[in-house]
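Residue numbers 9 to 342, in the numbering used here, belong to the letters of the sequence shown in order.
Fair warning: there could be bad hints in the mix.
[What the hints assert, rightly or not] Per label pair, the in silico range of CB-to-CB distance: (1) ASP181 - GLY55: 42 to 50 angstroms; (2) ARG204 - SER259: 20 to 28 angstroms; (3) ASP189 - ARG329: 28 to 36 angstroms.
Since the hints were made in silico from the structure, they are not lab data. Note that the structure is a prediction, hence the values are computed from the model and not measured. Note that CB positions come from ideal geometry on N, CA and C, so glycine has one too.
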Amino acid sequence: MTTAAGTGAGTGKQGMQAALRAVAVDAMATGVGGTLTKNAALAARAGAGAGTIQRAFDLLAEEGALEAVSRGHLGRRLTALDVGACWQAARLAPVRVLLSPGGAVEMDAVESALADDLTAVGVPHTVRHRPGGTPRLLQVAAGEHDLTVVSGGTFDGASGTLPDGALVERTLDTGTYYATDRLVVLRRAADVESGRPVHTAGIDRSSADHEALSLAEFDGGVDLVDVPFPEVPAYVADGAVDAGVWHVTRSPVPPRAAGLTALPLGRAEARAVADGLSRATLVAWAGRPENHAVLGALGLAEVGPRQAAGFAEEREVEERRAVAARAALGDRNG
Numbered sequence: 009m010t011t012a013a014g015t016g017a018g019t020g021k022q023g024m025q026a027a028l029r030a031v032a033v034d035a036m037a038t039g040v041g042g043t044l045t046k047n048a049a050l051a052a053r054a055g056a057g058a059g060t061i062q063r064a065f066d067l068l069a070e071e072g073a074l075e076a077v078s079r080g081h082l083g084r085r086l087t088a089l090d091v092g093a094c095w096q097a098a099r100l101a102p103v104r105v106l107l108s109p110g111g112a113v114e115m116d117a118v119e120s121a122l123a124d125d126l127t128a129v130g131v132p133h134t135v136r137h138r139p140g141g142t143p144r145l146l147q148v149a150a151g152e153h154d155l156t157v158v159s160g161g162t163f164d165g166a167s168g169t170l171p172d173g174a175l176v177e178r179t180l181d182t183g184t185y186y187a188t189d190r191l192v193v194l195r196r197a198a199d200v201e202s203g204r205p206v207h208t209a210g211i212d213r214s215s216a217d218h219e220a221l222s223l224a225e226f227d228g229g230v231d232l233v234d235v236p237f238p239e240v241p242a243y244v245a246d247g248a249v250d251a252g253v254w255h256v257t258r259s260p261v262p263p264r265a266a267g268l269t270a271l272p273l274g275r276a277e278a279r280a281v282a283d284g285l286s287r288a289t290l291v292a293w294a295g296r297p298e299n300h301a302v303l304g305a306l307g308l309a310e311v312g313p314r315q316a317a318g319f320a321e322e323r324e325v326e327e328r329r330a331v332a333a334r335a336a337l338g339d340r341n342g
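I would like the entire structure built from these sequences, with the hints used as guidance.
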């Protein structure tokens, strides 16, 4: 992508680069169909002359980074935008993505589709991981990261406590964060078989989703014990608690092999909460205007197919384990 090379005499490389950045960022913030900021305002923003801004606009248009039509005193309307080309011309820093730790098929599908789409669009990015949707939202709202993915329920619950205008969001389809039947209640298999009631259950109050689900699933007769939600299987297996809500994740030792049983959410209230949480919501920091264009450029068409492939792979792995277990039992009995 040509940037400063070949610019007019007297503009200077720094001046042209500032102009390219101003025009490209304005186009990405405006979006196709919107009216671009006038040259005089962009010149003041970039500390460059209006002529330099026009040359930067012409250069971006020649390179296919953007197209616009003039409407006289109404200004120029953006008709086409290549986000990757604008990003490279502006020499913008990578998008800083902050996601939940891997392991759940749903989030692994979202992460891989997101990374592939950013690469295809031509936007550089980095990825870090942190548990807890609310802490991730707070870091994005503070400008420490540019983009995260949380459940729809977490975003709705936290949005009232975040600074106005700090975030822009885009919601995906139902089941993209928590697929149907992937939120379960873990119990010891022996307790279920004997009919032993639940006296204690784990709850992670640092996770808005886990707290809401646990409060809805377990009534007032159950003592709630603080448990980090990724460790619910271990706490139940060890007898520290009788039960806990769990999001099914990949594990080399499945709950069944640890003597646990995964049951559907038992109460209608909990199922209603799960439905409200199920959509993945992409949330970006509004402090970088170009993040608007990033959200719009992500197709994410592969999220559904990759989830389906992940679930199919899980079933195949489980079947192989079952076949191996039956074969070993036959050998011992033979």
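Verification of the hints:
For ASP181 and GLY55, the hinted distance range of 42 to 50 angstroms is satisfied, since their beta carbons lie about 44 angstroms from each other. At about 25 angstroms, the CB distance of ARG204 to SER259 agrees with the hint of 20 to 28 angstroms. Under the hint 28 to 36 angstroms, the C-beta atoms of ASP189 and ARG329, about 20 angstroms apart, miss the expected range.
This entry does not satisfy hint 3, going by the numbered hints stated previously; all others are met.
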